[in-house]
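Position chain B relative to chain A; hints supplied.
The primary structure of each chain is shown beneath.
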Amino acid sequence: MKNDRGDIELAGVCKSFDGATYVVDGVNLKIADGAYCCFIGPSGCGKTTILRMIAGHEDPTAGEIVIGGQNVVGLAPVQRRTAMMFQSYALFPHLTVRENIAFALRVRGMSKTDRLRAADAMIEKVRLSQFADRLPAQLSGGQQQRVALARAAITEPRVLLLDEPLSALDEQLRVQMRQELRRMQRELGITFIHVTHTQLEAIALADLVVVMEQGKIKQAGPARDVYAHPHDRYVAEFMGGQNVLSGRVEKVNGASFTLAQAAPDGIEVPLQARPTVSVGDKVDIAVRRDDVALVRPGKDLPPGCTTSLPSRVLAIEYQGYFVKVMLDTVPDDEFVAYVPEKTFFADPFTVGDVVMATWATGSALPLA
Amino acid sequence: MSAVLADMPDAVAPATTKAIAPSKGGRPWTFYVLAALFTFYVLALYGPMFCIYVLSFQDIRGGLVFPMKGQSLHWFVDLFTQVRTGDVKGSFDRSIKLAVIVTGITVVVSFLAGLGFRKRFRGDTVVFYMMIGSLVAPGLVLGLGTGLLFQALGLNASWYTSALGAQLSWTLPFGVLVMFAVMSRFNHVWEEAAYDLGASRWQSIRLVMIPVLAPGLVAVALFGFTLSYDEFARSLQTAGSLNTLPLEIWSMTLNVTSPSLYALGTVTTIVSFIVIGASLGTIVLIQKKRGSRSKG
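So the protein lines, in turn, are chains A and B. If you count the first sequence from 1, you need to add 22 to reach the numbering used here. If you count the second sequence from 1, you need to add 22 to reach the numbering used here.
Excised from the complex, chain A in its bound form (with noise of 0.2 angstroms):
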């Protein structure tokens, strides 16, 4: 209780239940202390187990977890200061919201009176004081994961970790409970790390995005950087708001690369992050689909742009500011522009129209 620093580092860290596979393959990992942080993954990529392991649930098979400057490996999660909010909230069903909540306190040998008094106090900040004697069962799924956020709150742990826990909740209520989720981090005031496979959840709320696949992370940082300047095409394609193309590099000319491609003329792209690149190279490029302009095929393009690639619409949605148009322009894989609503409806597209796909130049971004 004399630490009450909650940063974060994992080095090294590696788990595998079978010894042959690793669920968790090396991670090195720095999270600042007050931080919100996601990790984001399909299922069965290791983001749950790395959750656990920083929880002190799990045992690493390798590697150092340091908590506030102290390595915690081999602690039970008391001694970590950590506190864990459980998938499906796992609140005692014999329990009332109260007693819930009070639950780490009266197993720390707390009296009766203080521990409800406290208790109370928590049940007051999570808003739940007129269902205090009520039974988990009773409550509704959001009411539910208020208790959990407070049974785990109320032994002030340095860390607060969060399994999946917007997944039970229906689709308007899960954007409200993240609301709330903030909120209390920013009141408690410590690290909060949440396991979540949606991206949306994960650019919502993060300071610090945690990309995974495969027991490895595969990119680190601000939601604006995951999102905008992905490392590669795992990452531009799981964060998603991109069209991920692949060609061969036809020539390099200073400050950008050309690469072959259905376009005519191939698709001109700035060099920035990637300085190494040489004729010949396989390389994939990301375009975020809202920076993708459809023109009719013979107008003139929007100025900056300098590619143009003639394609088919496949399918169009409406989804309110914007609307979703799907092409043929690249085989094989996606290709859809956002155009916003006011554009489209100026003139709009039908299934089956021939369109030129352009975009500014420089917003194409080369990945790794």
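Just so you know, these hints were derived from the structure itself, not from any lab.
Once the Cα atoms are required to be at most 30 angstroms apart in a straight line, the calculated BS3-like pairs of lysine-lysine come out as: (1) A:K304 <-> A:K346; (2) A:K321 <-> A:K273; (3) A:K134 <-> A:K147; (4) A:K321 <-> A:K346; (5) A:K147 <-> B:K311; (6) B:K111 <-> B:K91; (7) A:K52 <-> A:K238; (8) B:K310 <-> A:K134; (9) B:K311 <-> A:K134.
Below, chain B alone, put in the same frame as chain A:
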């Protein structure tokens, strides 16, 4: 097919009745067939016992068969006073005590087995099948073997040693099976949550597992008690010189020729019902207590 069509008053008109369940009117004929079958089943189940109960309330002229001769509690008094009817009170006493001991051991061991089988371990299936094997083994043979073993070891067979062991070989597998069913509905994340919140192993068992599993534990206890209370085959060769109640009843059927035998049947049934009622009452009470606390 044609018959179906012929039955329809107007094939063209939109359907006014549902295909399977008629919307108005009575139940389908199958309901009455099944109801009759069920009534017969209940009669066959309880009829024989009712004969015993009814005949136990005859007066002093009563015999072992219908028709009923008078009505009185004569045979109940006779049961507990006459020496020639055997040691009913003593055997009843022993049976209750034995059942209580068996219940205690069964609940504790079944609960521990439930805890042990939460995770798979090396040889768990072997342990499980060996346990089930004792359910399949013929009780009489098992009892005989236990008796022989005690004799060979130079121990005296008695109701609280050899008979206790023989009965446990019967109640434990049952208790463990019930416990498995109960445990399968226990979410192990609750244990993990308790650990996460700082509970020791013992605290997690005492504050989370036992309260959540309480109704199931009562069910195990009920099994243990009733199985022991009327256990016959395994006790026969192991009870030693002093009889348990089922053994006493059996020996009475051989030499008592009065309705006091039936009176004994009535009394033991009442005891059984009290035990079952108390168990179910406890389960209801546990659940009610949880319900009432929640209304704040």
